Amino acid sequence: MRLATWNVNSIRARVDRIVDFAVRESVDVLAMQEIKCKAEQFPYERFEEAGYEVQAHGFSQWNGVAIASRAPIEQVRTAFPGMPGFAKGHEGPDAPQEARALGARIDGVEVWSLYVPNGRALGDPHYDYKLHWLAALEQYTRDTLAAEPALPLALVGDFNIAPTDADNGDPAVVPGFSTHVSPPEREAFAALESAGLTDVVRPLVPTGYTYWDYKRLKFPRNEGMRIDFILGSAGLAEKVTGAEIHRNERKGELPSDHVPVVVDLDLKPPVEEDDDRPMIFG
1 MRLATWNVNS IRARVDRIVD FAVRESVDVL AMQEIKCKAE QFPYERFEEA GYEVQAHGFS
61 QWNGVAIASR APIEQVRTAF PGMPGFAKGH EGPDAPQEAR ALGARIDGVE VWSLYVPNGR
121 ALGDPHYDYK LHWLAALEQY TRDTLAAEPA LPLALVGDFN IAPTDADNGD PAVVPGFSTH
181 VSPPEREAFA ALESAGLTDV VRPLVPTGYT YWDYKRLKFP RNEGMRIDFI LGSAGLAEKV
241 TGAEIHRNER KGELPSDHVP VVVDLDLKPP VEEDDDRPMI FG
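Residue numbers for the sequence shown, in the numbering used here: 1 to 282.
Quick caveat, the hints were computed from the structure, so don't treat them as lab data. Keep in mind it's a predicted model, so treat the numbers as computed, not measured. Ideal Cβ placement from N, Cα and C applies to all residues, glycine included. Some hints could be false.
[Claimed, not checked] Have a look at the derived ranges for each label pair, beta carbon to beta carbon: (1) Phe177 with Arg12: 32 to 38 Å; (2) Gly123 with Val23: 29 to 35 Å; (3) Gly123 with Leu254: 20 to 26 Å; (4) Ala150 with Arg216: 43 to 49 Å; (5) Arg120 with Arg17: 26 to 32 Å.
Based on the sequences and whatever the hints tell you, model everything.
Structure, rendered in structure tokens:
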């Protein structure tokens, strides 16, 4: 399985480019974030013509997630247990959920396309929402892997966190003043790892960013951030055979401000060697 994640920053504006990439790179499963449309507005036909089945989850021109797959998409969910909601002026446990999570089983792999809340600013209610959202995701991860320790689980998407200083090359994002790099956010990311997940791309692609702001020539200056990740359980990490960050997708006409992150998985069960030697009994 070739699994990719991409914050596409409006699927309807970039559908041709996105499908062309998926076909050219032989992507089997593409998790998308920030589709910015209702589920009924998603351009399904373009993907179906290319051989993909699609599940989309979106409410409006904001947020939204989707999964496109060449294999059947099963056990679809649009939230994980405990996932909090958010609305301006509406706090508490009954706040409406946003379209930020879409989970499914595909060829035995549980894949979640995730668009983690941005946080907006330190001290903003959206920042607290982000931390609560990540805490619920951590608990879901722990519970899932406790129930199915060998499950190949992939949490992929835009995490809106640069977990180390090496993941932040934007001089405007300053620790102590900016979201994405604050200690509580980085601790929340580390908690996901302690819950049983591994950044399966970092060992194979140790450098490189996945996001560059459109403003102030950030991309030509390579003032980017690595905030898009593929986090895998042990059952997934052992199947990873390759990984790429497709930096060139930030170039050209109508690029997203994010680029795709891709991993290759060998899902074939190990082959048991036949032992045809004669049995010797003492």
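**Asked** Looking back at the numbered hints, which does the structure fail to meet, lowest number first?
**Response** Structure breaks hints 2 and 3.
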